[in-house]
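Protein chains: 2
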Amino acid sequence: MKKFAVILSGCGVFDGAEIQEAVLTLLAIDKLGATYQCFAPDMLQYHVLDHLTGKEMPEKRNVLIESARIARGKIEPLDRFKAGEFDALVFPGGFGCAKNLSTWAYEGDRCTVLPSVEKAVMAMFEAKKPIGAMCIAPVILAKLFKGSNFTTGDDTSSGSFIRKMGNKFTPADHGEVVIDRVRNLFTTPCYMLDATISQIAEGTENLVREMLKTA
Amino acid sequence: MKKFAVILSGCGVFDGAEIQEAVLTLLAIDKLGATYQCFAPDMLQYHVLDHLTGKEMPEKRNVLIESARIARGKIEPLDRFKAGEFDALVFPGGFGCAKNLSTWAYEGDRCTVLPSVEKAVMAMFEAKKPIGAMCIAPVILAKLFKGSNFTTGDDTSSGSFIRKMGNKFTPADHGEVVIDRVRNLFTTPCYMLDATISQIAEGTENLVREMLKTA
Numbered sequence: 000m001k002k003f004a005v006i007l008s009g010c011g012v013f014d015g016a017e018i019q020e021a022v023l024t025l026l027a028i029d030k031l032g033a034t035y036q037c038f039a040p041d042m043l044q045y046h047v048l049d050h051l052t053g054k055e056m057p058e059k060r061n062v063l064i065e066s067a068r069i070a071r072g073k074i075e076p077l078d079r080f081k082a083g084e085f086d087a088l089v090f091p092g093g094f095g096c097a098k099n100l101s102t103w104a105y106e107g108d109r110c111t112v113l114p115s116v117e118k119a120v121m122a123m124f125e126a127k128k129p130i131g132a133m134c135i136a137p138v139i140l141a142k143l144f145k146g147s148n149f150t151t152g153d154d155t156s157s158g159s160f161i162r163k164m165g166n167k168f169t170p171a172d173h174g175e176v177v178i179d180r181v182r183n184l185f186t187t188p189c190y191m192l193d194a195t196i197s198q199i200a201e202g203t204e205n206l207v208r209e210m211l212k213t214a
Numbered sequence: 000m001k002k003f004a005v006i007l008s009g010c011g012v013f014d015g016a017e018i019q020e021a022v023l024t025l026l027a028i029d030k031l032g033a034t035y036q037c038f039a040p041d042m043l044q045y046h047v048l049d050h051l052t053g054k055e056m057p058e059k060r061n062v063l064i065e066s067a068r069i070a071r072g073k074i075e076p077l078d079r080f081k082a083g084e085f086d087a088l089v090f091p092g093g094f095g096c097a098k099n100l101s102t103w104a105y106e107g108d109r110c111t112v113l114p115s116v117e118k119a120v121m122a123m124f125e126a127k128k129p130i131g132a133m134c135i136a137p138v139i140l141a142k143l144f145k146g147s148n149f150t151t152g153d154d155t156s157s158g159s160f161i162r163k164m165g166n167k168f169t170p171a172d173h174g175e176v177v178i179d180r181v182r183n184l185f186t187t188p189c190y191m192l193d194a195t196i197s198q199i200a201e202g203t204e205n206l207v208r209e210m211l212k213t214a
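One line per chain: the protein sequences are A and B, in this order.
So that you can map any letter, position 81 of the first sequence is 80 in numbering that gives the first Met the number 0, and since no number is skipped, the others follow by simple counting.
So that you can map any letter, position 98 of the second sequence is 97 in numbering that gives the first Met the number 0, and since no number is skipped, the others follow by simple counting.
Isolated chain A, as found in the complex (with noise of 0.2 Å):
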């Protein structure tokens, strides 16, 4: 059975893992048949939104600890992760992914990748494993190689980034799937786009059906 690594970044839209994009990436991962470890660092989120009002509260919580919710309790700290012992990687969206796994949502261009975060994807990417990204979580990607070929649905503001970092961006629809197969890089839009559940439940399946004919 493959095996996927999953790595979360909180939980909830707005500061951490988009919870419905995870959960349908561990369902479209267990219903084609391969296993999945979830995975996140352990640090403080950048900050904490209200989900409600949008505001910030003023509270501190933990990444890792705040994904073993979405996980179920099920999850290791990012930097126990080794690339040995999976056969693909994939980043679930949410802001998180551009404010804690990395700094793009408040250093655009000069953002920086989470050193963790970095070596994990390297390392798949040197052992020519499949690496999987949604939603917003392709500017991690986009910041680490280049002359590749990303998606973030129709977003200007993400996708004027990726071109910035020397790499194409392609516009998708609902589902589709943007891959670099150079690289094994996938990417796909899920909630960039104003989405159905169902319709992020095709993306996440179609993301994982792709990574797994190389993986």
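Derived by calculation from the structure, the hints in this document are not laboratory data.
None of the values given here were measured: they were computed from a predicted structure.
Hints are supplied without guarantee of correctness; some may be wrong.
Chain A is faced by these chain B residues, among others (derived, beta-carbon under 8 Å) [what the hints assert, rightly or not]:
id	residue
1	Val12
2	Leu25
3	Val47
4	Asp49
5	Leu51
6	Ala67
7	Arg68
8	Arg71
9	Ile196
10	Ser197
11	Ala200
Note that CB positions come from ideal geometry on N, CA and C, so glycine has one too.
Fit chain B to the supplied structure of chain A, relying on the hints for placement.
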């Protein structure tokens, strides 16, 4: 299109709504051609648990605000629920059902059900509309009804409570739905059994499909 009200009890299996069950309930509703609106009570959670260690955290969180993470902000306070606007009512599981929506987890047989939850359930019942509950959520219905028939999988503790409240407890396996056709009540085990995420998707879909037949 049939419209479901989905009552959430926080965000995380140990102190709130079971995230995977909640998301897969929304997916099942959308996939089967109905629509949904999420609700949660605007109140403090009973407590906050670290989902990595299981230990209590010295924090306070609000059930509605945390539930909004699952619903991507599209959620209403439960006291705004109007039975006339919906065709069906469903409770995903998670200990939030037994700690926030009712006090079953810490008061057992002497537990109470949150007034806004009781009001919503009884209004739907009086309108002869289907009510569904998964995982541990059937303890709420068991407290409010007598002579009914419920499942919580093979769990002896909640099974014994269901019987003490004057109802029948029917053990059930993955994906099975126990139906009380007289009262239009639907229950399924989900994570009360050791399950894969695909089995949860099957359970939520079977529950929603059965509910839609009478909605």
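How the hints compare with the structure:
no.: 1; hint: Val12; in the structure: holds, 5 Å
no.: 2; hint: Leu25; in the structure: holds, 5 Å
no.: 3; hint: Val47; in the structure: violated, 10 Å
no.: 4; hint: Asp49; in the structure: holds, 6 Å
no.: 5; hint: Leu51; in the structure: holds, 4 Å
no.: 6; hint: Ala67; in the structure: holds, 4 Å
no.: 7; hint: Arg68; in the structure: holds, 4 Å
no.: 8; hint: Arg71; in the structure: holds, 5 Å
no.: 9; hint: Ile196; in the structure: holds, 5 Å
no.: 10; hint: Ser197; in the structure: holds, 5 Å
no.: 11; hint: Ala200; in the structure: holds, 6 Å
Hint violations for this structure: number 3 only, all remaining hints satisfied.
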